[in-house]
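Chemist: As a plain string of letters, each chain reads:
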Amino acid sequence: MGFLDIDNTTKSYGAVEVLHNVDISVQEGEFLVLVGPSGCGKSTLLNMIAGLEEITSGEIRIKDSVMNGVHPSKRNIAMVFQSYALYPNMTVGQNITFGLEMHGTPKPEREKAMREVAKLLQIEQLLDRKPGQLSGGQRQRVAMGRALVRNPDVFLFDEPLSNLDAKLRVDMRTEIKKLHQKLGTTIVYVTHDQIEAMTLSTRIAVMNGGYVQQLGTPQEIYDSPANIFVATFMGSPAMNVLPAHVRLQKDAPHAEFSLHDGSLALLPFSQKNLAAWEGKEILLGIRPETLTDVDGADRKSSNIAEMTNRIVVTEPAGSDTFVSMQLGGKDVIARMRSDAEVRAGQDFTFAVNMEKAVAFDPETEARIAP
Amino acid sequence: MSVASQDTAIRTGRITRTLIYVVLILFALFYMLPLYVMLVNSVKPLSEITGGGMMNLPEEFTLEPWFKAWSSAQIGVEPTGLAPYFWNSIKMVVPAVAVSTVLGALNGYVLTKWRFKYDTILFGLMLFACFIPFQIVLIPMARMLGLMGLAGTTWGLALVHVVYGIGFTTLYFRNYYAVFPTELIRAAQIDGAGFFQIFWRILLPSSGPIAVVSIIWQFTNIWNDFLFGASFAGADSQPMTVALNNLVQASHGVKEYNVHFAGAILAATPTLLVYIVAGRYFVRGLMAGSVKG
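Protein sequences appear in the order of chains A and B. All residue numbers for the first sequence refer to the UniProt record's numbering, where the first residue is 1 and numbers rise by one. All residue numbers for the second sequence refer to the UniProt record's numbering, where the first residue is 1 and numbers rise by one.
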């Protein structure tokens with residue numbers, strides 16, 4: 001029994017089912033991020049929690065009371081919208097207290113709550129302005145203030161940072177995280193930005209095609225993605241996925257794949273259970289940061305393998321240098337220290353942290369190891 | 001080199017611009033001509049008009065025709081002037097404009113933010129109302145007014161105009177609200193505002209431009225309407241347009257053209273005023289909703 005339970009919930013529009021049997025239980029104080037590409041159903045799910053969309057089947061419960069059919073205003077939730085949805089005809093102060101006014105809170109109490117929230121978000125000097133006179137970041141704060149003032153059980157955020165420019169987005173991200181740490185509220189947050197999902201959440205639900213592909217902590221999602229979709233969606237640059245064969249050498253499973261010139265590389269797996277896949281094709285997932293120059297390899301890893309391959313392109317990005325090459329017939333990106341001495345056309349010795357390698361079943365695309 | 005070519009560019013621009021202005025001013029003068037004739041002749045004694053020279057400025061300036069048209073010209077049985085009919089028109093126009101605009105706003109709100117099954121078909125049917133010619137409904141409408149006991153009253157006339165106007169006002173407000181962010185409505189729902197609270201507190205305060213369009217459109221149409229006024233009004237509820245017609249068409253006595261001109265200007269003044277006061281919002285409001293952002 002969680003604080004917010006989404007229990008076997010589906011959503012259909014006519015005959016089209018857009019959300020399939022979603023099961024998520026959120027504990028009090030958790031920061032759950034729903035992440036996925038557009039059209040994956042994450043916003044629909046959020047709207048169902050808010051009560052803005054009906055639940056076709058299943059149940060949503062907040063604090064153990066069933067919310068199906070309960071009006072949005074009676075669920076004790078607050079929502080921050082992508083466009084902020086500030087009422088353009090009201091001042092910031094009126095925007096913040098509108099919800100309280102609609103719930104019949106007396107004026108002195110409203111004023112007091114407004115002052116507290118404005119102080120918390122440092123928007124006291126803006127209270128008499130109209131939303132049209134505010135910058136994007138200020139509007140964002142006001143929208144959060146409007147949510148906070150209600151002191152709701154659950155906060156819902158619908159892509160709240162996607163309208164901000166890149167720098168402000170990073171600042172506000174930190175600020176939301178700070179706010180969550182300070183207030184310890186329960187938050188459900190929708191985004192398509194996997195970095196936001198990783199940095200903010202205590203747990204992530206990766207969604208695609210109306211299914212929750214994987215639900216877990218950011219570390220679980222990153223290190224043990226449930227399938228190819230999760231593996232390639234989370235992380236930037238995306239995880240390299242290349243076809244490989246499992247070979248046994250001294251009873252230990254190895255990954256065999258072709259290098260740029262067609263010759264074969266044989267790298268040992270850390271996961272012994274892959275021996276069962278001997279001779280079969282798998283999809284090998286290697287994160288760019290686990291594919292480096294020899295000096296840059298993770299010293300704590302128990303399984304660093306080396307291979308020599310030709311560099312196709314180098315992309316210095318300041319903090320890192322990205323190197324692309326051909327492996328198993330695919331373009332593969334390696335992430336090097338910025339001072340690694342690499343140049344295009346060079347045959348270079350790479351270190352692969354095979355401890356972090358992930359293997360997928362090419363048929364089902366599900367993870368088979370680790 | 002570039003400086004020289006810039007110079008010629010400006011010079012040709014100046015010539016073209018002068019030409020454009022000359023043509024525009026000529027057209028403007030031509031367009032203003034009828035108004036000039038009306039104004040000039042409304043402040044002349046009748047003898048000056050019948051003596052010829054309609055285009056001449058008045059030799060003797062008098063406001064007598066204006067006073068006569070307003071308060072003592074023979075219209076109907078009593079020599080009342082246009083004044084009582086003017087108030088008839090006001091009593092008809094104000095409620096009709098207000099009610100049709102508010103109903104149009106409500107319809108637009110429901111059709112865009114409280115979608116229901118077959119709402120587009122319903123909207124299509126309401127749009128259809130914009131294309132029904134007045135003449136078709138005359139007899140059924142007369143019967144309806146009779147059944148409702150409103151025949152020959154100002155209220156009945158106002159009702160007819162409300163019914164006829166809803167199609168247009170709904171169209172305006174629906175298109176305006178279609179681009180009004182739905183997230184605002186949802187935010188208000190979460191904040192606990194009900195159907196009418198959202199309408200009054202969130203939607204209407206943001207509807208200024210389109211309300212102006214609706215008011216100007218409805219005011220002009222209803223004020224200028226003659227057919228419904230002539231068909232449905234009783235002797236004591238005739239609007240200004242019908243009274244003006246009676247004044248001009250009166251078959252007895254001398255045709256007092258100066259009084260007619262003054263009366264016509266009086267009849268046109270309110271719509272002019274509305275347009276001058278609210279006109280700058282008109283185009284803005286008409287454009288709103290047609291272009292994104």
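Please note that the accuracy of each hint is not assured.
[Claimed, not checked] Below, a list of computed lysine to any residue pairs in the SDA-like style, where the Cα atoms sit at most 25 Å apart: (1) A:Lys356 with A:Gly184; (2) B:Lys113 with A:Thr56; (3) A:Lys119 with A:Gly104; (4) B:Lys117 with A:Met102; (5) A:Lys63 with A:Met102; (6) A:Lys74 with B:Lys113.
Note that these hints are calculated values from the structure, not bench results.
Chemist: Give a verdict on every hint.
Modeler: Here is what the structure says about each hint:
1. Restraint check: the Cα-Cα separation between Lys356 of chain A and Gly184 of chain A comes to about 33 Å, which exceeds 25 Å; the hinted pair is violated.
2. The hinted pair formed by Lys113 of chain B and Thr56 of chain A meets the criterion: a straight-line CA distance of about 21 Å does not exceed 25 Å.
3. A distance of roughly 23 Å separates the Cα atoms of Lys119 of chain A and Gly104 of chain A; the hinted pair therefore holds under the 25 Å criterion.
4. Among the hinted pairs, Lys117 of chain B with Met102 of chain A is inconsistent with the structure: their alpha-carbon atoms are about 29 Å apart, more than 25 Å.
5. With a C-alpha separation of about 23 Å, the suggested pairing of Lys63 of chain A with Met102 of chain A holds against the 25 Å cut-off.
6. Under the criterion of a C-alpha separation no larger than 25 Å, the hint pairing Lys74 of chain A with Lys113 of chain B is consistent with the structure, at around 20 Å.
In this structure, the earlier hints numbered 1, 4 are contradicted, and the remaining ones agree with it.
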